Amino acid sequence: MFKKGVLRELFDTLFGKTWPMWVGGILLALLNILLFVIKYPWGASGGYVNIGQNLFQNLGAKSLGTSTPISLHTVALLNIFIVLGAFISSLFSKEFSIKVAPVGELVKGLIGGALMGIGATVGIGCTTGGFFSGVPALSGGALFLSLGFMLGTIVALKYLLWEMEALPKMSMGKSCTLLPGTGKKTGWQRWLGWILIAVVLYIFSNYTGKGTSLSKILGWHVFIALILGIILQRSRYCIVRAFREPFMTGEATAPVAIIISVLVVLIGFTVLKYFGVGNAGETAIRAIEMKSVYANFWLSALIGGFIFGLGMTIAGG
Amino acid sequence: MQVDQTLDCKGLSCPMPIIKLAKTIKAMNSGEVLELLGTDPGSKTDVPAWCEKTGNIFLEQAEDGGTFKFYIKKK
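Read top to bottom, the protein sequences are chains W and U. So the first sequence is numbered by my numbering: it starts at 1 and just counts up by one. So the second sequence is numbered by my numbering: it starts at 318 and just counts up by one.
Quick caveat, the hints were computed from the structure, so don't treat them as lab data. Every value quoted in this text rests on a predicted model; they were computed, and no experiment measured them. For glycine and all other residues, C-beta sits at the position ideal for the given N, C-alpha and C. Worth double-checking, as some hints may not be accurate.
[Stated by the list, open to error] Reference excerpt, derived from the structure (chain W facing chain U, CB under 8 angstroms, subset only):
1. Lys99
2. Ala101
3. Pro102
4. Thr249
5. Gly316
Turn these sequences into a full structure, and let the hints guide you.
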């Protein structure tokens with residue numbers, strides 16, 4: 001017999017406390033490097049474009065042309081399974097709850113989200129692909145994108161301050177909690193978490209079992225996304241905070257965490273590029289992937305970044 | 318503990334609780350205690366950090382059925 005649960009104790013430690021953000025940052029950095037080894041650095045907005053295209057095509061918009069099915073699109077899979085991973089992680093931590101924000105906040109979330117969508121499309125990139133992967137890949141556009149984020153954040157914070165004075169009702173009003181996160185009856189949360197883990201691992205083995213090189217790549221994206229989601233949820237790694245805090249609280253935890261992780265990614269990417277590491281099966285494609293530089297230099301990146309920065313701060317992360 | 322004012326930030330996501338906190342504290346008198354209610358888990362690190370940065374005194378925090386409560390004394 002084990003002495004009462006060494007593993008249980010480890011589990012409780014991992015899912016009972018919030019991890020320091022820099023720990024999350026370093027872990028995410030390592031996984032980002034791993035993604036680059038397999039295929040392409042971590043991105044997000046490309047996946048949403050794919051999901052959107054599929055959605056509109058199913059609704060009958062043929063003019064968009066044919067797009068890759070979601071199940072064959074690496075970035076779309078990443079997005080879906082990151083959300084699922086974070087969900088599982090919140091279940092494990094018994095933090096999962098459903099809350100509804102005041103109407104004004106919901107509207108702002110919608111507007112902010114729309115601005116983020118427009119910004120990501122104009123600037124070709126978001127905080128993940130454009131910043132967390134783009135800057136360490138030394139993409140020139142990424143630097144302008146980041147500058148745009150910063151300007152957008154400053155303006156949006158000014159707006160939020162103004163809104164509080166001029167339209168105080170915006171962020172007040174009814175909010176309700178449909179399903180409280182903490183409390184007595186939360187044992188089911190961990191069980192549901194384990195079931196979902198099993199489902200994701202089944203999907204992972206389904207992909208890798210097919211044996212083609214593409215399906216293996218897709219399978220590993222599912223698996224890595226699961227881990228990414230858990231880390232994101234536990235460490236509350238939030239790039240928006242890093243852009244916002246210097247102008248709001250003057251606090252440096254988030255910026256420092258992000259700088260550390262960007263440095264780790266920078267070293268990793270540079271080594272990968274220097275030695276040309278990776279799936280060398282298709283040399284020509286790999287050579288293009290290796291550059292990992294987007295054609296958004298420099299005005300579109302600046303404008304897109306600005307719009308995205310506005311949106312991300314208004315939406316609140 | 319005597320609470321002088323309560324600020325309800327339930328349902329708001331970051332950064333609104335901190336912005337509201339800053340504004341409310343500004344209008345209070347030195348030594349008064351503010352109770353901040355919120356549901357955003359990010360507040361658990363944000364509020365103490367903000368207090369440290371601004372010199373206000375972070376008294377304590379509690380949790381009640383998914384709502385976080387923070388008590389801050391104006392310097």
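Cross-check of the supplied hints:
1. Lys99: Where the cut-off is 8 angstroms and the nearest Cβ of chain U is about 6 angstroms from Lys99 (chain W), the hint holds.
2. Ala101: holds (4 angstroms)
3. Pro102: For Pro102 (chain W), the interface hint holds, since the closest Cβ of chain U sits about 5 angstroms away, which is under 8 angstroms.
4. Thr249: holds (5 angstroms)
5. Gly316: Because about 4 angstroms separates Gly316 (chain W) from the closest Cβ in chain U, which is inside the 8 angstroms limit, the hint holds.
The structure shown violates none of the earlier numbered hints.
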